[in-house]
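Student: Next come the chains, spelled out residue by residue.
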Amino acid sequence: MIDLSVNLAGIKLKNPTILASGIMGVSASSLKFVEENGAGAVTIKSIGPTDRTGHKNPTVLAFDNRMVNAVGLSNPGVDTEVHIVKEAHERLNVPLIVSIFADTIDNFAVVADKLLETHPKIIELNLSCPNTDNEFGKMFALDADDTRKVITLVKKVTQGTDIKIFTKLTPEEEDFAELGKVVEDAGADGITTINTIFSMNIDIYSRKPILSNAYGGISGPAIKPVGIESVYTLYETVSIPIIGMGGILTGEDAIEYIMAGATAVGIGSGVYYRGIDIFQKVTSEIEDFMKKEGYKSIEEMRGIAHNS
Amino acid sequence: MSIDHPLMLPIKNIVTESPNIKTFMFDYNFYAEPGQFCMIWIPGVDEKPFGIVKREGQDFMITVAAIGVATKALHQMKTGDKVGFRGPYGSSFTIPARRSSIALVAGGYGIASLGYLAEEARKRDVHVHLFLGARTKKDLLYLEWMKNIGVELHLSTDDGSEGYKGFNVDLFKKYVETNSKFKVQNSKFDMVYTVGPEIMEMKIAEICYAHHIPFEVSIERYMKCGFGLCGQCCVDPVGWRMCVEGPVIDGEKLKQITEFGKYHRTASGKVEKYPWAK
Ligand SMILES: Cc1cc2nc3c(=O)[nH]c(=O)nc-3n(C[C@H](O)[C@H](O)[C@H](O)COP(=O)(O)OP(=O)(O)OC[C@H]3O[C@@H](n4cnc5c(N)ncnc54)[C@H](O)[C@@H]3O)c2cc1C
Ligand SMILES: Cc1cc2nc3c(=O)[nH]c(=O)nc-3n(C[C@H](O)[C@H](O)[C@H](O)COP(=O)(O)O)c2cc1C
Ligand code: FES
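The listed protein sequences derive, respectively, from chains A and B.
Number 308 marks the last residue of the first sequence (the UniProt record's numbering); no jumps.
Number 278 marks the last residue of the second sequence (the UniProt record's numbering); no jumps.
Hint data in this document are derived by calculation from the structure and do not stem from the laboratory.
Don't take every hint at face value.
Unchecked claim - The calculated DSBU-like cross-link candidates involving lysine-lysine, where the alpha carbons are at most 35 Å apart (straight line), are: (1) B:Lys203 to A:Lys86; (2) B:Lys165 to B:Lys54; (3) B:Lys203 to B:Lys147; (4) A:Lys208 to A:Lys114; (5) B:Lys278 to B:Lys138; (6) B:Lys137 to B:Lys22; (7) B:Lys72 to A:Lys208; (8) A:Lys56 to B:Lys165; (9) B:Lys54 to A:Lys14; (10) A:Lys86 to B:Lys12; (11) A:Lys208 to A:Lys14; (12) A:Lys149 to B:Lys270; (13) A:Lys56 to B:Lys147; (14) B:Lys253 to A:Lys86.
Claimed, not checked - For the chain A half of the interface with chain B, some residues (derived, Cβ under 10 Å), not all of them: (15) Ser29; (16) Leu61; (17) Arg91.
Unchecked claim - Computed far set for chain B versus chain A, every beta-carbon distance over 12 Å: (18) Arg135; (19) Gly166; (20) Asp190; (21) Lys224.
If you're wondering where the values come from, they're calculated on a predicted model, not measured in any experiment.
Yeah, the Cβ is synthetic: ideal placement off N, Cα and C, and Gly gets one too.
Take these sequences, add in the hints, and give me the full structure.
Tutor: Written out as C-alpha cells, the structure is:
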C-alpha cells in the first residue's frame, strides 16, 4: 500500500496538496468546493483587520506560463471572517489553514487574538504580499527584525493553545537562509514559501500598466525553479516543516518540491491551468510516480535531493 | 480557448439603444456561445464583465447600461478608442432543439445574451417568444433586430407607453397560466431562458417551477478574474464559480443555490442582502 498522507507539524493530511491562500478561499462554500475536489488541506484568503475592497480590476491576468495578480488583499475584515472561519470548520473535513495579514506589527496580534475563538489549527502569517507595498511600506518579510517581532507577538497571543504558527515568506529576501533561521528561532512551527514575485506588465497601445495597481505578483509555472530553490535552501538551514509552493501543476512538480524538502505542497495558479480538480489530479499523479519508482510513503522522498 | 489578458480592440461602431444603453461593436471574431461573457478593460478606469452578443454580419458586440463609474466611462468613449478584451468565459445556454418553442424573459440589458440566443434559435426554426420589459417605450432594446429574425414579441412597459402596462413577469405569468390549459401548438414552452434583475429572475423561476417548465437563468456575481481562480463569484452553499460553473444555471441546479434571490457578495467578499429579501 502506498501511503499518501503527511504529518504537517502534528496535523495529519490525507494527501500533501494544499489550496494556497488567495485562490478560491473567499467563503466556507468555496473552500468546501475545493475540498470536494481533493485537497488535503485548504487555506483561507488572507484575513486582515478591516474590510478591504482590494484593487480595481484588472486584478488577475493569465499568460501561457505565468499569472500576475494584484487583488490587493480584499477581505471583509476579521470581525466578519470569524463567522466564515467557524462555518468553514463546521463544514470541512480537511484541515483549514487560517492566513492573516495586517498593516502594522501590532495588528497581526489583534487579528490573531480575534480569531482565537474559532480554534484554528494553523495560523499562517502572510508577511510577504507584494501587492500592498506602497501602502504599508516595506514588506515585513524583507526585514528580519519585523519578521521576528510579528512571530514573537503572535506566539504570545496563542500561548497556551496548540495553534501552529506558519510564516509565509518571499524569495526576494537576499539572505533567505538567514531569514529562515530567524523565523525558526522566533518560535514559528513552519514556513510557507514562496509568495508571488514583484512584476509589471504595460499595455503598449494605451501606454498604461495593465493591473490597476500597476505592480503585481507573478505566480505559476514560470516561478517554479525559484520556489524549488527556496525550499531547498531552507531545508538545509531549518528543521521546521515547509509548505512548498510556486508553479505546481503536476504530480511531478509536487514531487520535485518534496524532494527539495517540502512536507506538503501548495497549489494556487494550477487551479487555472488544470481546473479545480487539480488536487485530485496531482494526488493521483504522485501515486503513479511512487508506484512506478517503488516509493511507499511521501516521507521516503522528502529531502532526498539533499543526499546526493 | 479563451484570451486571458487584455487584447486591445478598437471600437468599430457605437449605437445608442436607449437613453442609458449603448451597443459597442468590434471587428473581432472568436467562438463563443450565447450566455457567455467577456471582461472589458477601460484603460485607467476598471475592467468589468459584459454578455457577449453576436449577430449576422457583426463579429461581436456588447450592450452596456451606464450605471456606475466604469460603464459611464465606456459610454464616453468614441469610435476608434481601444478597450481590452478577455474571454469568452462561463457556461452557456442550451441551444434549443429544432422546431421547439421557447420563451425568453429579459429585463434591462438582459436582452444582450438573450438576443444572441434568439438569433441562434431562429436559425434552427425554433418558435421564439420574447417577453421584454422596460420602464418606457424608449427603453425597449433590440426591437428591430428581434422583429427581423421573426421573434414573437410580448412587450411590456411600466408606464404603458408600449404593450402591456406593468411588468413582463406578470405578462409571462398570464401567458403561461392561459396556455397551459390549452394544447395550441407552440403555445407551451419547451424551455424558458431568463436574464435580468435577480428579483425578476427569481419570480420567473417560481412560475417555471409551478408549471414544470424547464428553464435556465444567468446569475451575475461580482467578478475579478473571470476564469475561476479568485473565488470571488462563488455561491452558497455549493461554492460553484459563476464565472465557470455559471453564469448560466439550469432550474434543477438552481435549487441548490440557496443564496439566489437573497444576497450576493461585494468586492471585499462581504455578504450583502438584497433590499427585497427579509
Ligand atoms: C456575467 C455578467 C454579465 C453581465 N453582462 C452585462 C451586459 O451585457 N451589459 C451590462 O450593461 N452589464 C452587464 N453586467 C453588469 C456589469 O458588469 C455592471 O453593470 C458593471 O460592472 C458596473 O460597473 P460600474 O463601474 O459602471 O458600476 P459600479 O458602480 O462599480 O457598480 C454598480 C453595480 O454593478 C455591479 N458590479 C460592479 N462591478 C462588478 C463586477 N466586477 N462584476 C460583477 N458585477 C459588478 C455591482 O452589483 C454594483 O452594485 C454583467 C455582469 C455579469 C456578472
Ligand atoms: C490571485 C492570487 C491571489 C493571492 N492572494 C494571496 C493572499 O491573499 N495571501 C497569500 O499569502 N498569498 C496569496 N497569493 C500567493 C499564493 O498563495 C502563492 O504563494 C503563489 O501564487 C505561488 O503559488 P502558485 O504558483 O501555485 O500560484 C495569491 C496568488 C494569486 C495568484
Ligand atoms: S471571478 Fe474569479 S473565480 Fe469567478
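Student: Identify every previously stated hint that the structure contradicts and give their numbers, smallest first.
Tutor: 4, 8, 9, 10, 11, 13, 21
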